[in-house]
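Chain B: place on chain A using the hints.
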Amino acid sequence: MTPSLPSGHLLAHVVRFTRLLREGGVVVTPGQTMTFVRALEQISLLDAGSFYYAARTSLLTRREDYDRFHALFVRFWREFDSENSLSELFKDALGLLPAKPRPRPLEVASVPRSGEAQSDKPPVPLVDRSLTYSTDETLKQRSFEAMSAEEIEVARRLLQDFDWRISERPTRRLQPAGSGALLDLRRSFRKALKHQGEFVRLAWQGRKTKPRPLVVLADVSGSMERYARMLLHFLHAFAQAQNRQGVRTVEAFAFGTRLTRITRPMKKRSVDAALLEVGRLVKDWSGGTRIGGSLREFNRTWAKRVLGRGAVVLLISDGWDQGDPELLAFEIERLQKSCHRLIWLNPLLGTPGYQPLTRGLVAALPFVDDFLPVHNLYSLEQLARALESLPERGGPRRSGLAKAPA
Amino acid sequence: MTPSTVEETLAALEAHRYIADKGLAVSVFLALKLGRPLLLEGEPGVGKTEIVKVLADMLSTRLIRLQCYEGLDVNNAVYEWDYARQMMQIRLLEASGERQAERVRHEVFGREFLLERPLLQALKSVDGKAPVLLIDELDRADEEFEAFLLEFLSDWQITIPEVGTVRAERPPVVVITSNRTREIHDALKRRCLYFWIDYPSFEKEYRIVREKVPGVPEKLARQVVAFVQELRKEDLYKAPGVAETLDWAASLMALDAVALEPQVVEETLGALLKYQDDVIKTKSMAHDLLERAESNAVSPA
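From first to last, the protein sequence lines stand for chains A and B. The first sequence finishes on residue 406 if you use this note's numbering, and the numbering steps up by one all the way, no holes. The second sequence finishes on residue 1301 if you use this note's numbering, and the numbering steps up by one all the way, no holes.
Hints are all accurate, no fakes.
Here are the in silico distance ranges between beta carbons for each label pair: (1) B:Glu1008 x A:Gly25: 33 to 39 Å; (2) A:Arg269 x B:Lys1124: 47 to 53 Å; (3) A:Gly206 x B:Lys1238: 34 to 40 Å.
Honestly, the hints are just simulated from the structure, not real lab data. As the structure is a prediction and not an experimental result, all values here were calculated from the model. Ideal Cβ placement from N, Cα and C applies to all residues, glycine included.
Just chain B, with the same shape it has in the complex:
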């Protein structure tokens, strides 16, 4: 179902258990309506990849994911030939007496020997529905790939020398994410709608935890979220994202904790913090954080 208003988008995302801000809903809605790629940035663990999964669910279409890395090339992003089978085909043709070079070439470069990689797959609609294409962590790819992508995103077609040009029946819904370890080229960014996903507010994060960690007691959820919200204000190397909050809440549940206590917090900090320096620092002020969280959990600021 494609939503026809911003409100519908917001409601549809929530129906698929994604708690979004209005700003994000507007961006998603416009990306769908205008057929523009959506560029999502934000700290790790704020739900950039998650929303794409939800989006595919919401539109009941396929999700095609392309994970970027340095050196990502056409062979891995677009298409590759199945060389082993092609060679076999050549031998078969040979055995059947086919020697005409032109005919062999034609036989060997048939569609059945083509291995489709994500970008080529994304051009195909199934049941009249274009897929959702997630280009994940584009900042990890190099400039060469970005240049290729720029062309792909404007033409929605790919040329395979031996086969011809493949065009999209319908352009896919494209979402690009970046963790900003490198600047994405300006030309590419200007082709996209942009949204920065921030850490959620207390209320929102609380709802996310209740939604995503089944059976979490209300009190524990409030305390966990209040603690994390306080922790984010501290000067850490890597502040915990929403993903970490969920991990932590799940860990506490697994340990049968009903409320946050200094002992339990210390034992489970590993689920929340990924740097030893941060863990040490947090341990030293756990007491203070707990107190602040305690007062906020009752009446969030």
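Only chain A is shown next, with the shape it has when bound in the complex:
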């Protein structure tokens, strides 16, 4: 083995290639580029297959980038690689290409798509930040759909300042505590040494707690249009509050006829930029509703990744479902069983005389732990309170046998 640095010519190509990857949306650090260069010292440069895999294993960190990498690689190296070894490369690499890439939490890049943004109005300029908001009860009680533009603006600001906290769960990690059920032998022993090995005082440890992850599934179909924008504001305010507290535990999804993950845009600080991005991503805005199908997609692709660690799920929908109620019941049961608590928020629940009698709701409600209204600021406050005071462990849940509340 005689390691020799690739000649300047090749090195320049490597650097150009990593730049191309970055432009293509694959994050590559200089450290990874260095690893790749060192890897090139180890393999035969004449073997296109090894070259390809060495690049892939040292420059990528997730399977989702495999496709993009392949396309960029082929495009770039075709420039100076001979036809012959390139076809060899295809033979080797193509079989390994993933059939269906799966998205993953925290990292799914929001692929910019063409098509116009659905945000119809220009953002209302904020005039005076210091304006103290009205805590007027009438505003709190007013339904979102009945609000004027100014009132919506005030409500928006109210939401932004809201201090959302979600109840904590005990983790398995231990930390020193003043008193507790578990003996901290390591600390106790060190203390004892100060007293000639007498355990004068014992040290204890207790479980560390962390906020529960929150997963929001928001219905953005036609029937929810009046509420959707306000609810996204609410979602954004929530995500931002979590950011301020230094925790990133909100996963957000929008659905109509299909599911779109909108966690990324919700992290944008400006609510208008966030909503613009959501509008761009969500293709089925104000269309039909297939709750069952959307939940099915969620259960398949996302549940394992985002529902761990005692997550709380908020499902925001009016329950007008055009899909198969049986499918909905099946999927919502699965959803309920894999989360800590399933809360259905229904804006229609605030309407006097409303009864949840749609086929979808009747099928789904037996599996919903809490069924709450979400039509005005007051109901959001209630929700905040409910989230803060979730039972630490289990707590009574619906079993699917209960009848839907009248």
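For chain B alone, coordinates are given in the frame of chain A:
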């Protein structure tokens, strides 16, 4: 033996009965050559843990395994003191009239009272050979442990306050696996070489079955693999991994089946599928699957 080319790596893995793709061989080879941790991801049951065992065999060195879980802490991952024996030592010292606190402390925190956990063990070479360290299912651990690991993987040393710093004579070969129930921190991932292990192709899986299930008839092996390959195309909650294929083939062997028949398939689906919904669904289309498998087993697509 440390392979010196990609081809040698591939051959050595096969000699140890692990059928790998070239991509995986390149990753393994580079991990050994560059001394980088290798991060393996993939659906459960595609052989992530298996390759590490083979790797240790191939290098004829020890395999040290650290199974991750939430709350995994220094006491369980790195080292712990043997408190019972330490206390006894204190009493013994007391009986012999030793009262000087400094001396007692020195005696009690000797190496012989140190219980080594996997990460500390991994820093030790035996016969001049660094071990293979498997950090299994890192996604199950929490962020606190990941942060600790990041430091460990870059410095190859551990500081024990009472003893001092333990350095690796030679850095161990590190393989990290993840089932992706949670995202691993980016900083940690970028320190590693990455490889996603996919489900194998028909040919590869067939070879694996022949290799791992001794005595399986050729025809049965072909049918089993063709059936599983067809099944993976279906919309299931949990598609069967290679591990399940092997279990199934072994179950069929135990039942003296020589060929796949609807009756036998129905009775043994439990070895292949782990969700009742999947079992029901598969039963309803077993006939169709069998037919497709039958034609593929003869001439795999």
